[in-house]
Amino acid sequence: MTDVDALAAEPLFGLPLADLWFGLLFFILGTFLFLDGFDFGAGALFATREDAEEREQLLAAIGPFWDGNEVWLVVFGGAMFAAFPSVYANLFSRHYLLMFAILGALIVRGLSPEMYEQRHDETWQTWWGRAFVVGSLTAPFFLGMFTANWLLGATTIVTLPGIIVGLALVALTVVDGAAFLRLKTRGDLRDDLRTDGYRALGAYLVLVVATIGSVYVAAPDLRPGLFSAPVVALVVVTLALAGVYALATREDRYYLAFVAAAGLVFALVGIVAGLMYPAIDRAGGLTVESAIVSTLPLNLMSIGAAILLPLIFVYFVVLYSTFSGPIEAGESY
Amino acid sequence: MIDPVLASRLQFALTTIVHIIFPVMSMGLAPFLVYFTWKDIRTGEAIYEQLRRFWTKIFAVSFVVGTVTGIVLEFEFGTNFAAFSTTAGELFGGPLALEGMMAFMLEATFLGVFVFGRERVGDALYMVSAVAVGLGTWLSAVWILIANSWMQTPRGYELVTENDQVIVTLVDPIAAYANPRFPWMFVHMQNAAVESVALFMAGLGAYFVFRHHVWDYPVENVDFWETTLKFGLIALIVTAPLQVIHGDLYARHVFETQPQKFAAMEAVWETDTYVPEYLVAFPTSLTDLLDPRAKNVFGIGIPGGASWLASGGDPQATIQGLEEFEGPQPPVAIVFWAFRIMVALGFWFILLAVWGGYRWWRGELLEDDLLHKALMLSAPLGIVAVELGWIVTEVGRQPWVIQDVMRTSDGVSPGLTGAEATLTLAGFAVVYLGLLTLYAYVVARIVRAGPPDVDGSAARDASETPASEVSVDD
Chain A
0 MTDVDALAAE PLFGLPLADL WFGLLFFILG TFLFLDGFDF GAGALFATRE DAEEREQLLA
60 AIGPFWDGNE VWLVVFGGAM FAAFPSVYAN LFSRHYLLMF AILGALIVRG LSPEMYEQRH
120 DETWQTWWGR AFVVGSLTAP FFLGMFTANW LLGATTIVTL PGIIVGLALV ALTVVDGAAF
180 LRLKTRGDLR DDLRTDGYRA LGAYLVLVVA TIGSVYVAAP DLRPGLFSAP VVALVVVTLA
240 LAGVYALATR EDRYYLAFVA AAGLVFALVG IVAGLMYPAI DRAGGLTVES AIVSTLPLNL
300 MSIGAAILLP LIFVYFVVLY STFSGPIEAG ESY
Chain B
0 MIDPVLASRL QFALTTIVHI IFPVMSMGLA PFLVYFTWKD IRTGEAIYEQ LRRFWTKIFA
60 VSFVVGTVTG IVLEFEFGTN FAAFSTTAGE LFGGPLALEG MMAFMLEATF LGVFVFGRER
120 VGDALYMVSA VAVGLGTWLS AVWILIANSW MQTPRGYELV TENDQVIVTL VDPIAAYANP
180 RFPWMFVHMQ NAAVESVALF MAGLGAYFVF RHHVWDYPVE NVDFWETTLK FGLIALIVTA
240 PLQVIHGDLY ARHVFETQPQ KFAAMEAVWE TDTYVPEYLV AFPTSLTDLL DPRAKNVFGI
300 GIPGGASWLA SGGDPQATIQ GLEEFEGPQP PVAIVFWAFR IMVALGFWFI LLAVWGGYRW
360 WRGELLEDDL LHKALMLSAP LGIVAVELGW IVTEVGRQPW VIQDVMRTSD GVSPGLTGAE
420 ATLTLAGFAV VYLGLLTLYA YVVARIVRAG PPDVDGSAAR DASETPASEV SVDD
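Here the protein sequences come in this chain order: A and B.
Numbering that gives the first Met the number 0 applies: residue 0 is where the first sequence begins, and numbers increase by one.
Numbering that gives the first Met the number 0 applies: residue 0 is where the second sequence begins, and numbers increase by one.
Isolated chain B, as found in the complex:
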């Protein structure tokens, strides 16, 4: 039996890591769907109807899997982290309730109209439903990130004793909810979602363009895939540089507000000035490899680089080392590597954007087979970068569930047994692996089936297009 604390942490990690994929797909697709719907209604061109209907299918599947995995997360706070829920419920429950009422309701009800209602509602209401679905997905992120950012940089609360329990009580809602961390998280997350979908679109488009133009396999709807590639590339050119610039500023904010997390990101053990930025770092012995506290690392670094980044330009700046913080440390190796790989991916995406943009400008977008291969391989990497970013955020703040207020190990349900926690952890490992496989399989089928055949404005003429052809399963 695994200890209930460890099992609960692993279970929450597993369920979150799997769940986040689907909201990223919905949030990232939302602006595309609003745009495609608008163009479809305004121009009546077949390509926009194809884009709208094809990507709506992917959205609908992502939404379903996101819903069933998201409900689990909400209830896990009560089942596995009851002590945290009792302590922080006054502050933390409100945003979750508002997420349900304000965001999820909007998204879920109008999704019914958006997916099933093209034949039944007029253009105006159809457009409203597209915007409402998109707005709902983004508002969900607002409330979830308000709750999460409060755990990272808690403000606006007092600790009081109630029925022999110390609980967090809300005293200043503006300070608590308009939290200093929130804007950083929100911009970084939403841009990451759009960037991830942009990479997915570009990679998917590149695959069919490659088959058609490089391998000379006949590909149906080649115009559709070329357009998909171009839309993905445009969005990548916009989002990739923003993500890295913003990420750098965000890291500086973390340095100021969560020095322990920053030290873990840079694996700084002793407080020092002129701290190098390690590009790679290895423990010098095998024992240290297995010990996340390994201090003796061999690394290749830029002298003063970390100090320079943290302070925004001063290579002499002091960085607090992990040894200054009492109690357990975050697992440094995980945070250090997750951060490094995420940043490397961020630069790789900029390179892809520049490369693709240049080829397009030269009129060679469809011929550069190396670019196509790079885009294909990079299709899932946006999501990988998002996962790594969340690992830095969540693992990096350990041992705290609420920074400097409550330890994660103190937040676990007191009555939970190791047997119960291990049983559900094992269950989730099986079920979520199955869910991922199923999702990948269904998306692959939708892709293989390709976009629906349409002839321009026919979608609005019910006599020519049977209703069945506009449902999700056509």
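Just chain A, with the same shape it has in the complex:
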């Protein structure tokens, strides 16, 4: 057999690659929501600051990072296209207008910090500051709606669980953003962010309960999943992480609070993935096994990901260690 025949014959090392890619896909989604989540959170918290210098600090805090963070969304799309092309096609075309709402929000959010810094007069900065806030709030809201609709197999854009999950994601990005900004700021601003983090965390926990309730009501076939061991465990983990976040924030243990915020995002994504599996597109009638690409491209993609994901980890270590610690006076976006 030639090498290609061997690669086409069976999954590498007999691994359950379809399931691994399902897991990887949600890992990438979680990484995006965590990393770009604190950028969204910084955008939402931007609205609470009036002082021009404090606003500059919030922008400077995310400045070097957001490009790299947002690429995780591109990788999410690419990974889904490569591993589950029929899901990519069905899901995105079914949520046509919602996808464009997400893209529109991301365009506004991506442009506004760059534009904000291009001119230093009041009118210009007021409007781009508003655009930054609006983009940062709507992007996670629409992403939450999309995720909920995906899970439910909804064919309409607006669903009650969609709205609740959208709001939950907005609250979670603020939790995430507050934790990140406490790493990057000093003084009064850092103290105020403690309160912001607590409030957002409280809102998030209420919304998680509401999410579970709305899924219970709206999707009878998901009810057994809600009481399955992995989902119950992740809900317990969420509560525990919320406790860690609150305590760490009170005691100014910034890194621990940040790690807890990351954990909250991954727990939420884990709950969605756990409820969905083994389906991957309920409305399209697709399961992980039926939607996966054939063995040859799957093996090639797996080799590519196995080499590249550790490399990407190295890039992020370089980036985040270069810009670690609170931003210095004079540093700006």
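No wet-lab data here; the hints were simulated from the structure.
What you are looking at is a predicted structure, and each value in this text was computed from that prediction instead of being measured.
Among the hints, a few may not be true.
[Claimed, not checked] Computed footprint of chain B on chain A, listed as stretches where at least three residues anywhere in the stretch have a Cβ under 8 Å from a Cβ of chain B: (1) 100-108; (2) 113-124.
[Unchecked claim] Pulled from the structure, derived: some chain B residues nowhere near chain A, Cβ distances all over 10 Å: (3) 2; (4) 5; (5) 33; (6) 177; (7) 203; (8) 214; (9) 217; (10) 223; (11) 237; (12) 256; (13) 301; (14) 313; (15) 324; (16) 339; (17) 346; (18) 365.
Built from N, CA and C at the ideal position, the CB exists for glycine as well.
Go by the hints and put chain B onto chain A.
Below, chain B without anything else, positioned relative to chain A:
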């Protein structure tokens, strides 16, 4: 309401045409930035720090706008061309995923270090970040062009039926991805990107040199603009002849592998030998003007020219006419004119390069006001030529989204309504027009502000140069 197929095609065309401007700027600037950074670190001369910082600002804005417009393109495959994505995902998805993981990640993370990190990292890591950003932009093009070249000359696949759908399945990755079209596209695209930025630099430099030396307006940093003009001109002298020579060989490759596209480029309707190369061609009646299938054209042509070009030297060579191909034809008028104007621009750029090179050699570069005017007017024309080239490539292969395998009209999302597609098309028309205006405005502001004031090696001495002065918005 516009029909969903037409609206999707127009939307993809619009979003691509706008998006391509920004990657061209990044890809073309990348080698310049690597060079300026290297010279800045090695020599510590003020001019290189100015060049690096000025062009980094333009790069950063191009990257941001390129990112937000590029994400849209990726998702449009799923939203508007779901049938294509389902059919071709096995082959087409992989390169897109690898573009994200291999190229875009590299570029986006190190761009953070490159733009914001001069004060925080040592020279070696700073140089690494410049190279990584440049490499990332070029690798992006590798993966996107691998995907695109497969659609032009598909290889290494089989058609199988899965769940009642015919899908493309990968059987030979080397044939599919080391596709015969790929090297042609890659060389032509990258050279075009550098040439476009060279023209932009030369035009911008010429503007300030003209103001200073011809109009006698006082211009700050005139040394900087003279150097910019010279760097642009050097790059133009290198890239302009290459682009035309390579383009000629590329057209021959298209003749061999996509005869229908070639026939559209030359507007050849009936198969013939000794086909003339029309320099200009007009329909003979008003009705034909509105009909892209117009056959009766009045033209001025070189006898046997097209046959000679297609075959590489034989004026008697046979060219297959469009009538030989079944089904719909590409819109010939668009392809024919886009190709002609692109080629004409290619020769114009060679003329500019020779003219500028000659004046420079004679020591008259700063005095020739006609040259300055020509360069100023030509500053955006590199990008125009790139757009035309992509129109020839993409419109020329219609009706196929995958050559001879799948029609574009069969690739559109089945559930898409005309109302949805029209709504998003209208939205994009407004938003992208706004984006273009905003980009032009911001670049113009950066240009007006000019290069930052620096005094040589001071950038590496944090006590003398506040950090704020090396950020992008100084």
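Practice task
Return the numbers of the hints above that this structure violates; sort them in rising order.
Solution key: Result: no hint breaks.
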